[in-house]
Amino acid sequence: MLCFARKRKRRQAFTILEVVVGTTLLASLVVSVLIAISSHQKKVRVAQQRIVATRLADELLSRWMQSTDGVPLSARGTLLPDQTRMVSQAITWQTNVIDRRELCGIPVHVVRLSLTGHARDKPGRVLCSVDVVVDIDPGAVAR
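So the sequence shown is numbered by my numbering: it starts at 240 and just counts up by one.
Worth flagging that the hints you see were computed from the coordinates, not collected in a lab.
Among the clues, some could well be false.
To be verified - Here are the simulated distance ranges between beta carbons:
| no. | residue 1 | residue 2 | range |
| --- | --- | --- | --- |
| 1 | T293 | T263 | 39 to 49 Å |
| 2 | S368 | G261 | 48 to 58 Å |
| 3 | P362 | R302 | 19 to 29 Å |
Think of the CB as a built atom: it goes at the ideal place given N, C-alpha and C, for glycine as much as any other residue.
Sequences are here, hints too, so could you generate the full structure?
Structure below.
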């Protein structure tokens, strides 16, 4: 008796299950990379806004120190994009007296300058905050 045993040849192609699993893994990897890139870009954008706000705070303080009025103790203003040429959004600045004390017998105010950026449909985020010591009566102390 002759028996012919048939050997089944395994095909070299992928099954549909292997293709689906591979595609799912690749898709999840691509989504993870895109989320990481988006998060990184947002952090870079916020860091750039903070750098610009720091420059603007320095510019405001320099302007106030050179003026005869000095640093305003309690004031608020808005820097529009065309005024700053550094930002694409309005930035609000505000000064407040946060402390009164004596330094070496001289009464002074500690004034906080805060710069807040306003994005679309989001509440303002403080981008920069600087505390400045201001003499209460600069004309009184002439030593």
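Starting from the hint list further up, note which numbers the structure goes against and sort them upward. Going through the list in order, the structure violates no hint and respects every one.
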